[in-house]
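Asker: Order-wise, the sequence lines are chains Z and E. Quick note: the first sequence uses our numbering, first residue 474, plus one each step. Quick note: the second sequence uses our numbering, first residue 59, plus one each step.
Keep in mind that the hints were calculated from the coordinates and are not lab data. These numbers come from a predicted model, not from an experiment. Even for Gly, the Cβ is constructed at its ideal location relative to N, Cα and C. Take the hints with a grain of salt, since some may be wrong.
Mimicking EDC-like on lysine to aspartate or glutamate, the simulated pairs with C-alpha atoms at most 20 Å apart in a straight line are [as the list claims (entries may be wrong)]:
1. E:433 with Z:547
2. E:398 with Z:518
3. E:116 with E:105
4. E:387 with Z:491
5. E:439 with Z:555
6. Z:565 with E:335
7. E:387 with Z:555
8. E:313 with E:291
9. Z:551 with E:140
10. Z:486 with E:406
11. Z:513 with E:344
12. E:341 with E:388
Derived list of chain E stretches under chain Z, where covered just means 3 residues or more per stretch with a C-beta under 8 Å from a C-beta of chain Z [what the hints assert, rightly or not]:
13. 248-258
14. 317-329
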Amino acid sequence: MAVSREDVIYIAKLAKLELKENEIDDYTIQMNRILVYMDKLNELDTEKVEPLSHPVPAVNIFREDTVKGSVSREDALKNAPESTEEFFIVPKIITVE
Amino acid sequence: MQSYNNHREKLTLLKEKKLSLTENAAFYLDRISEHKDINAFNFVFEDSVEIAANIEKKIHSGNHGRLAGMIIAVKDVLAIKDKPLTCSSKILRNFNSIFTATAVEKLIQEDAIIIGKTNCDEFAMGSSNENSAFGSVLNPIDKTKVPGGSSGGSAAAVAAYLCDASIGTDTGGSIRQPAAFCGLFGLKPSYGRVSRYGLTAFASSFDTIGPFANSLEDIALILSVISGFDEKDSTSARIEVPDFVTQPDREKKLKVGIPSEYFGDGLNPEVKNRVLEVIEKLKNVEAEIIDIHLPHNQFAIAAYYILTTAEASSNLARYDGVRYSYRSKDSANLNDLYTKTRHDGFGDEVKRRIMLGTYVLSSGYYDAYYLKAQKVRRLIKSDFDKAFSIVDVVLTPTSPFTAFSIGEKKDDPLEMYLSDIYTTSANLAGIPGINIPIGYDLKGLPIGLQLMANQFEEQKLLQSASLIDNLLKQE
């Protein structure tokens, strides 16, 4: 098996996703099936192949470094689930165990 | 359905006052509400009739844009200022855009009318439009079938005559496959041809924006309008945009490459036979058919789903319940808020892809999956480079089968991924592709043919597509 149940729990933690017990079971089965299929790539010897990160060659796209306006505070806060006129509101960040 | 076959004819009718644009807009709005069961739209813009009245005045004054009066639906992954943008996800259910995507802005500048935002798979992840917080879209040709995905709503809207044309996005086939399932033309441009500014990112090195229409002429017209460099997207290409509508005559015989790898096991015989019939017809005209090989295509799906889920896991990290839209209630602390919001806000397929992407990027697995897939991406690109040194275009089926039944593949993610077998390679290589409707199977479902050309050779792609389209019109 490529990924264990414990792996799935760990990946979910990295991805900041809460998973229910049944979802952990489902994802373990499904991810294993998909990853086994992806092992197909190991049939290829790619030792001497350069990786391709981007389909179109484009490097160092420059622009003038001019100061321009950006999103206004009002616009930036418009879609927030909870905010004041100045800030996003979030629950307590530091908790004491 | 309409008294015109393309935008050129519509504009002539409007100018001669044989067609009223306000009535035309009202007609489409009525049809949209009559065909609600298809579920093609997430949002409909009722002010389209007022906008039509203004554009009608412009048309009669003689001072109007190239798309004047064209009624277009836009996939709900593109931003339009002060309009909802949900990506068919619960996590963005209350989000309103604060700016307009460049591609949409260009349509509006040329006096197109945006009639609404179309349903799609959540964050454009899916091949059947069954992964949507707004529910599944039905195929207007046969309502028991899927319209394809992820731009299923955009395809269904044009196929059901709910608008003149539509805009979709294609990361691994999401324009070409639904175009095939719904019997339309659908074009995926070269990566970088159209600015991605204002397109909600799924897989940034794969995402492209393109049109659906009933005619090739409208496809070429819309592509001419939305293409071009944009300083707001540094990956948009600094390459001149030709007028795709007026195509120069071909000087040489068209060389069409047929890759045997796209005609093997798993290809439905009815689809195969119809595509082979079209190839036979091409032999009788000014085209030379050449057998070619794209040997690494069999690895495309694996490489594609590793790379795109990796990019997606990073792009979708921004949905945290703090800055926009949906937030789960009763979180004890910030970490709780993130994990609960993302659990409740994302659908099943999106979470699965975030998990896969996080896994392939995680420490210890990066080389085995992500780096390996990037190397295979190079091999797939090299296959196409070799092919295009011999041929002008590559001809394949768009999908191995016609539209499948709703629910048929929903519970098997791998099976769903494999349905993209002929389309993901174009996105891996950044090349343009188009679906051409070439007929129907015995159940009456549309069959699609795909043409692909080298990077930024959309002109060649459209020329070749016209050749095939004209051959079929003579049938």
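Asker: Could you run down the list of hints and mark each one as holding or not?
Answerer: Comparing the hints with the structure gives:
Of the pairs offered as hints, the one joining residue 433 (chain E) and residue 547 (chain Z) is violated, with about 45 Å between alpha carbons and a cut-off of 20 Å exceeded. Note on residue 398 (chain E) and residue 518 (chain Z): the hinted pairing is violated, with a Cα-Cα distance of about 42 Å set against a maximum of 20 Å. Between residue 116 (chain E) and residue 105 (chain E) the CA atoms are separated by roughly 17 Å; this keeps the pair inside 20 Å, and the hint holds. A threshold of 20 Å between alpha carbons decides the hint, and for residue 387 (chain E) with residue 491 (chain Z) the separation of about 14 Å falls inside it, so the pair holds.
This hinted pair does not check out: residue 439 (chain E) and residue 555 (chain Z) have alpha carbons roughly 46 Å apart, beyond 20 Å. About 67 Å separates the Cα atoms of residue 565 (chain Z) and residue 335 (chain E), which puts this hinted pair outside 20 Å; it is violated. For the hint pairing residue 387 (chain E) with residue 555 (chain Z), the CA-to-CA distance comes to about 11 Å; that is within 20 Å, so the pair holds. The straight-line distance between the Cα atoms of residue 313 (chain E) and residue 291 (chain E) is roughly 34 Å, outside the 20 Å bound, and the hint therefore fails.
At roughly 11 Å between alpha-carbon atoms, residue 551 (chain Z) and residue 140 (chain E) fall within 20 Å of each other, so this suggested pair holds. Our distance criterion of 20 Å between C-alpha atoms is met by residue 486 (chain Z) and residue 406 (chain E), whose separation comes to about 17 Å. A C-alpha spacing of about 40 Å is found between residue 513 (chain Z) and residue 344 (chain E), which places the hinted pair above 20 Å, so the restraint is violated. The hinted pair formed by residue 341 (chain E) and residue 388 (chain E) fails the criterion: a straight-line CA distance of about 67 Å is larger than 20 Å.
For the stretch 248-258 of chain E, the stated coverage by chain Z is satisfied: 3 residues place a CB nearer than 8 Å to a CB of that chain, which reaches the threshold of 3. A count of 0 residues in the stretch 317-329 of chain E with a Cβ less than 8 Å from any Cβ of chain Z is obtained; the coverage claim is therefore unmet, three being the minimum.
The earlier numbered hints that this structure contradicts are 1, 2, 5, 6, 8, 11, 12, 14.
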